Amino acid sequence: MAEATCRVLRDGALEGELAPALTIKDSILSPLAFHVFDYVLSQLSSFILAGKSQSRGLVIVAFARSPSYYIDLMKSSGIDGVSLDKWHLFWVRILDCYTDPLGWKHRLKENGRIGSSPDSSFGVTVFRDVRNLEKLLSGILELGKGIVGQGKDRFCIAIDSVTELLRDVPLSSVASLLSNIRCHGQVSSTFWLLHSDIHDTSTIAALEYMSSIVASVEGLTQLKNGQQGLLEQNLRKAKLRVRLKRRNGRVRLMSEEFHVEQTGITFKSISSEEESMAQTLVPKVQFNLDLSEKEQIDRSKVVLPFEHQETDKANQIYDGRRSLMESQNGMATEAEKTGVTENSSRGEIVYLRDSDDERPDSDEDPDDDLDI
Amino acid sequence: MEGSSNLLDEALGIFHDISSSSSSSLPSRSCVLIEDCVETSGAFVIHHILKRSLSSSASVIFVSLSHPFSHYDRILRKLGCNLAAHRDSGRFFFFDMLMLGCTDQSVGNIHTGGLIEFYGKIQKVVEDIISSSENSKNITIMLDDFSLIEVAAKGSFNHSLDFLRYCYTLTSEFGCSLVILNHEDIYLGEESLTPIVQMEYLANILIKVEPLATGLATDVHGQLTVLNKGMIDKSRSSTNKVQNFHFKLKENGSNCFYPGTRA
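Residue numbers (numbering that gives the first Met the number 0), protein chains in the order written: chain F, 0 to 371; chain U, 0 to 262.
Just so you know, the hints here were simulated from the structure itself, not pulled from any lab data. Computed from a predicted model, the values in this text were never measured in an experiment. The C-beta atom is built at its ideal place from N, Cα and C for all residues, glycine as well.
Some chain U residues near chain F, calculated using beta-carbon distances under 8 Å: (1) Gly119; (2) Asp161; (3) Tyr165.
Capping the alpha-carbon separation at 35 Å, the derived lysine-lysine pairs in DSBU-like fashion look like this: (4) U/Lys120 - F/Lys108; (5) F/Lys134 - U/Lys123; (6) F/Lys74 - F/Lys144; (7) U/Lys123 - U/Lys77; (8) F/Lys134 - F/Lys144; (9) U/Lys240 - F/Lys267; (10) F/Lys238 - F/Lys267; (11) F/Lys74 - U/Lys123; (12) F/Lys134 - F/Lys108; (13) U/Lys153 - U/Lys123; (14) F/Lys238 - U/Lys207; (15) F/Lys134 - U/Lys120; (16) F/Lys134 - U/Lys153; (17) U/Lys153 - U/Lys120; (18) F/Lys108 - U/Lys123; (19) F/Lys51 - F/Lys151; (20) U/Lys77 - U/Lys249; (21) U/Lys207 - U/Lys77; (22) F/Lys74 - F/Lys267; (23) F/Lys51 - F/Lys134; (24) U/Lys249 - U/Lys207; (25) U/Lys207 - U/Lys247; (26) U/Lys240 - F/Lys74; (27) U/Lys136 - U/Lys77; (28) F/Lys238 - U/Lys240; (29) F/Lys244 - F/Lys134; (30) F/Lys151 - F/Lys244; (31) U/Lys207 - F/Lys267; (32) U/Lys136 - F/Lys108; (33) U/Lys153 - F/Lys108; (34) U/Lys136 - F/Lys74.
Construct all of the structure, not just a fragment, from the sequences and the given hints.
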């Protein structure tokens, strides 16, 4: 399923269509979206290197993690067939919004307050004004064109994370940036990362509308309501729920389990353990345990005993003693009258207790006086 | 004292080297977030990490917004560590920022560059340490506490988070480690816990200091939850461990133990 997602991104956009976009989201109780992001990134890279994908290059917009992290990631993911030292010369560019997103370091350097740090390595461009999204957009597209040229070749864009972007700029601007990216003729596909519990539901919904695939990372084990707790299981493995909107309008929902391991993440279909467990829990029986729709409707029509059988009449359950008292006090004359009219039509149980002294259910043994 | 807090050390990834009888400091590039609350202060964790860092060969840049130097000096002396001597030998750098955000001070208006200046000072010290030592040293930057930076930034969490993000870049750029203390309960009233959650996403070691869940006890002062996401930066190994301890504070240190192992 994660593979299916990667395949959609690999196949890219058709002429005159929006580029496919993937949102990867998680929450703090199971913060594993970065692992999924890395997985998608390395899958796409290997597709690009093998020449299998529509795109010829990759632009990484790094907000949350340093460019060197991504360089290490590419190196460690063991992409064969290229010289690893100059791997990024040809097909990857990193727009570094991590090191100096607001231009503080630049300002301090100009004033001579801090030393000049070593120049960024080749393939990495430092971006110093993340609040200016127009500049950011042109920066991203420039890098992309730097790889594939001005022709018809396309490139991919990976943004980690939109959350960082949303901290500085309003949603409307971010949305326009993302839709501009998707509209651009040379963009093959794009994906971004989101921490869902930092934003309003409206913000998340807006971003999900803009993406053709939504992959959400959810913890496998949920605590009871109101309990917030860290669970080690949720940090090691999680469920990936993917909602994939096809070109023809069909929507596919898939879920999969993944484990975080030393070497990366491994996916496993969710059916293997849980579903087989669920199947064995329901015993095999000859008769049907479920109700059909018609049966359910019929069942709801059945009036249960002691329910209001005549809607205009108050619900009374005879308790012997009280109604006797009432009739003695002359308060229940009306009830008596109606009782009389009813007597003719239906049966009745008449019960008059012998005396008030005797309690209806006395604990005394009635055979007490017998000498057996 | 030496052996008693081993659980906390282990959870933090500080390992004792028996052969050289010196402990290592925090793993480089780690970012530790300590969350405490009014009932149970997490200051002892700060003191503990400070002592561990100084007893290894690491340098410490300590940014204090809550207490003066003398406060830490007295406490660390009880723990068997002379801060003044370390300061004189150039391994302990103390930023007294108690006056940060006071408008009549020379610090100036925080919105128009106070925090930028301040960040510049920190990076300058880091660069000086790096250039002065031949072999690359571990540098620990400690922030006590973050909520007061927010106060200094006139309550703008975003602005203070910008500052924190810049400090965070020092971890990847110079291999420093970052230790931040913040209070969890000051965000509880808001409709969501977003500020603290944003910091939790940033940190790779999270320490929650809470009162005992089952109530008060004389010999247990509180409980620690340590979440170690591991260092995904270097070896790309992610351990993701969650550990729970109880702790007891003593005159000359703290004592960590697994629940139920001490009467």
